[in-house]
Structure formats: structure tokens, C-alpha cells
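There are 2 protein chains.
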Amino acid sequence: MHHNSFVRLEARLKPFAEHISPLTITDSEQIGRPWGEAATDGMVAYGNADVWFSPAARAFGKQLYGAPKLAWFQSSAAGLENPFLQKIGELAEAYTSSHVQSEAIAEWVLWAAFDWFGSGAKRRELQAKKEWEKVHFREISATRWLIYGFGHIGEAVGRRLRGLGAHVTGVRRSSQVSPFADHMLHPDHVSADDIALADAILLCAPHTPETENMADAEFFASMKEGSLFMNVGRGALVDEAALLSALDKGKPAHATLDVTREEPLPEDSPIWSHPGVTLTAHTSALTSESRARNDELFLENLANFVNGDALKNLVQRDAFEAQSV
Amino acid sequence: MHHNSFVRLEARLKPFAEHISPLTITDSEQIGRPWGEAATDGMVAYGNADVWFSPAARAFGKQLYGAPKLAWFQSSAAGLENPFLQKIGELAEAYTSSHVQSEAIAEWVLWAAFDWFGSGAKRRELQAKKEWEKVHFREISATRWLIYGFGHIGEAVGRRLRGLGAHVTGVRRSSQVSPFADHMLHPDHVSADDIALADAILLCAPHTPETENMADAEFFASMKEGSLFMNVGRGALVDEAALLSALDKGKPAHATLDVTREEPLPEDSPIWSHPGVTLTAHTSALTSESRARNDELFLENLANFVNGDALKNLVQRDAFEAQSV
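Note that the protein sequences, when read in sequence, are chains A and B. Numbers 900 to 1224, taken from this note's numbering, label the letters of the first sequence in order. Numbers 900 to 1224, taken from this note's numbering, label the letters of the second sequence in order.
No lab work stands behind these hints: they were computed from the structure. Mixed in with the good hints, there may be bad ones.
Copies of one chain are not kept apart here, so a pair can be met inside one copy or by any two copies together.
Cross-link-like lysine-lysine pairs, in silico, DSS-like; alpha carbons within 27 Å at most [as the list claims (entries may be wrong)]:
no. : residue 1 : residue 2
1   : 1150      : 961
2   : 1150      : 1211
3   : 968       : 1028
4   : 986       : 968
5   : 1033      : 1021
6   : 913       : 1211
Remember, it's a predicted structure, so these values are computed and weren't measured experimentally.
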């Protein structure tokens, strides 16, 4: 694990000292073994934000690839389609994912929605010009939402929105009813009318062959005037040229994106400066609360692992194949 | 009523045609009587946003002052301390207020909070510089709030915040428990520690001799680093010079204000351009949903008035005196 994770968790790892011997890596790729002896019966790894956003991310990966046996890998994310995670999925005897980031991502979505429907940009513009002017805004309470992908993230968003009085339609393959949507639709049943009714459309579906470019010119042409489009799923769900052209026509009126097809977004991309786009750098899950929740999940699964109990969020090997595109 | 209100409500006023004869005023102060004869047994008036934000606001007031008998005045606002409303309070045989704006104001508060805790300014700055950088943010779910004035607005905010997982302390004189706060405090019992614990402090108390300048240098000195201060009550609750000086010291870290001591805020006020201030022009209630809710309240009270039933939100004369400062 990353050295910073170890420092944060050391006291809570001590009770496992009989079974584990921590191996740490710093941002400058220094490998450490704070206590215990090198184990020979397999490696356990915690791949969280401390690692992925560190300059040592690549060196961390090399340790995993080089291990004689990768017994268990705990990810801090839900996504599986990243090439590095695909490889881990092949190597690791057990791979567990995490859905705790949904809570943070749902807060990002509300930030995006309150700022759009609350006329945030107009308010800031008037303040900058020192103009005391009456700006009307729209209440979230009166908005209709269409949420593509109604898994952990979609439900975390839906739960908050329903509490705020909004109307939520969730789109997912599973026919299970959810308490966090007013209405559920199978993706094959979403009509142009369903799209046209929505004041806000959120994509939080995984990237699969079915979802690739799902938001294309035809999709945007069905959207409502004044509506907001948001993507926290994957950039590949969106035809970006079609989105920019649709924004120029006012349908949607605005797009708030946390993901792009190429990340980091190249400096010459027109997405950066399009007046209809608000962009964040794939950071919708980056809260200290997310980190703490992931630490809890890792420690819980570590106890499960040591005791030979079932691991939480165990990912089946075929899930990796379904995600690959 | 304003001509625009009449156009919107005409069909629903028709059932009262036996009892009323509408009198309308346009933005250019044109007086109209669309149907019926001038009544001699008293005037009824609807003072809503159509009127107050119209160039004809003063002319509207003159009609009321000049009426031989002002039988009933329906306000679209909760506040009573404005000199014009004070005068209406003296003249009108019955004065009814409105609390429906609380719903819109609560949405404004969430907009302010999500943008601050969500690092909105930093996100926009990075986009403008085309920098793909990881910005951490804070979840509302992990924030503690202190809300001064736990009436309609405070409760509307508290209800939303508790749904989002935040911890809410409401401050009010009434000892009544509220389902929308985790904790209630009498204003006399708020300690420096209570202030220091809060990640967000919201003022939504009325302006009275007790609340004048309640947020002063000592108050701000107790606030937490990184905290957010918000005011949707009245500008006079805040010592503005003390606020700006406190922001320079980082406690609070930011202030989002919908009201100022002098409105419109003079162009030379340092509040406009202080980097720690987000300012809106007393517009936290300005939604079309607020307008529709006020129209419903007016129509409901009109039926009550015509039928001789009790009026909803009737304000007692001594309430005006308690508010005057």
C-alpha cells in the first residue's frame, strides 16, 4: 500500500501483525517494510487514491505484476475497464471493488445541478460587474431527471434528489424496483419523449460496447431546451463533437463533465473553453470522506481475508470481460 | 395587483367575479380595471414580486395609501420590517404574510454550500487555465451546521441538510423540538464552542434589536478555519467591516451573502470584490416555483376572505412593532 495509507492505518493494522507484514511505497518510489518479515505465501494489495494519484503509481503496479502470488487486490473504485485493472483482474486470485465513492460522486452531481439551475454563472458575472440585478433561478424541487445507470451511483444521486423533491427516472437493465426512483426504465425502452421530458440527464453507466457513444447527435437532438447534461461515467459514452455542436444549438443548454474520452484532456481540446461546458478532472469522488470509507472497507475485507471469510464486493472474472471494449 | 399577476390568474379569479372587481397596474404605471365596477367597500391587494421588482412599485403603494379602506393585504414575503410594509401593516385591516419562499431560499443555501464545500471556484479556475488537476472537496454529508433562526426558512434548510447526512443545530427562542434539527439551542445559550464546531453558519433570523449586528468581530473570531458563513436574513444582522476583516484572517474562510446592510449595495463597497465573498442581490427566493406557491396562497386566502373564513398567515399588529428597529 501507499506509505500515506500505512501511516493513517498503522494502528488498525497492528492486530493483524501475526498474519501480515506491510510493504509500503512513497511518492518517490521508496519501498519500505515497517515491521515483520517478507511473507512467502502471497501478496495482498490496496489500490486506492493515495496510489493512483501518486507519481509512484507505475512502480506500485510493477510490484504487483512481479509478485509470485497476488492473493487479493482491494480497489477503491467501481470501474474495471482500465487496462491496469484488467491486468490485475487476470493476476489476482481475488479482486474486490468498492462502491463507496458513490456518495462523493452524488455530491458532485448536486454541485453541478445547483450551480446550473441556480444560475451560478450569471450570479458570479453580475457580482464581477458590480451589478445589483434580480436573477431568477430554478428549483431542483421542480426538475425531472433521467439517470442512465441506476447502480450504486445512480441510487446515491436518486436518494438525494427525491429528498429534495425532484422527479427521478432511473435507467437500468435489472428489473428490480428501487426506492430511489419514481420510475424505472430498461435502456431499450428509453424513447425520445423520455429524453425530451428531462430537465437533467446524468450518465453514470459503465463503459461497455452497448454504452459506447450512447449520447450522440440524435440523443442530444431529443433533449429539452434549458436542460443540463452531466457525465460521471466514462468519456467514451459521449460523442464529444456531437455534444459541442448540440450545445451550440442550446439542447442541452449546458454540460457538466467529470470525464472525457481522453484523460487528461488535451490542451487543444475545444471542450476546455466551450462556454456551455463546466469541466472537472475526473475528481467527482475525491473527498476525504471517500478515503475514510475505503479504508474501512479495506480493513473489513482484510479481517475477512485473514479469517477465511467471504470477501465483500468480490468481482467475478467474467465481469472484467463484459467491461472490456 | 400587477397586470402580469392578473394575466396569470384571470381564469382563477373569475369564480369570484360577484365579489371582486380587479384593479391592475402595469410596469409603465397604467391602471386598468379589466372587468367589473369600482367597489366601494374596500380594497384587497396582492403585493408580490411582480409588483416589488417593477418600476411601478411606488405607484402601486400610492394606490394602497390612497384607498378609503384597505381591507386585506396579502404579502408574498415573510419579512415585516421594511418601512413600506410597516405602513401597510398600520393601514390594512388584515395583513397576511407568506412563508412559501422558504423552499426557494433553502435551495439558494444548498447552492452556496455545494459550491463552497465542492471547491467550485477552484474547479472553474483550473478549467479556465486548462489544467487537469486533482481537486479534493468536502462532502456536505460530513458538515456540521449552525442555523440562526429556525423558523420556516431554517426548517426548510434543515430538512434538506439532514436528508444529505449533515448535522444540524437550530437556534431559536421557541423551545419546541424540530424534526429538522439534530439539536436545538436557545440563542442565549449559543457558546463560542458551538460557533467553533460549525463548518457552516447560516443566518436566517429576522432583524430585531436583539439580532442587529449579532455577527460581529467576536462572533467571527470564534468561527472554525475553513468554515462558510451565509446570510439570507437581513444585512443589519452582520457587522460588515468585521466580516471583511475576519475573512482576511480566514475565519470564516468564505461568506456567501444574499443581503447587505444597504441595498442595492453601493458600487464602492469593498464587499463586491472581496475574494472571500460570493454575493447575490437579495434574490434567494426568486424562483418561478415561489411565484406559483404565492399565487396559490393568495387564491386560497381570497376564498377565505370572500367566505368570511379565517385568513392563513394572519399577522398580528404587535408583530410589526416587535420587528421595528
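Could you check the structure against the hints above and give me the numbers of any it violates, in ascending order?
Hints 1, 2 and 3 contradicted; others consistent.
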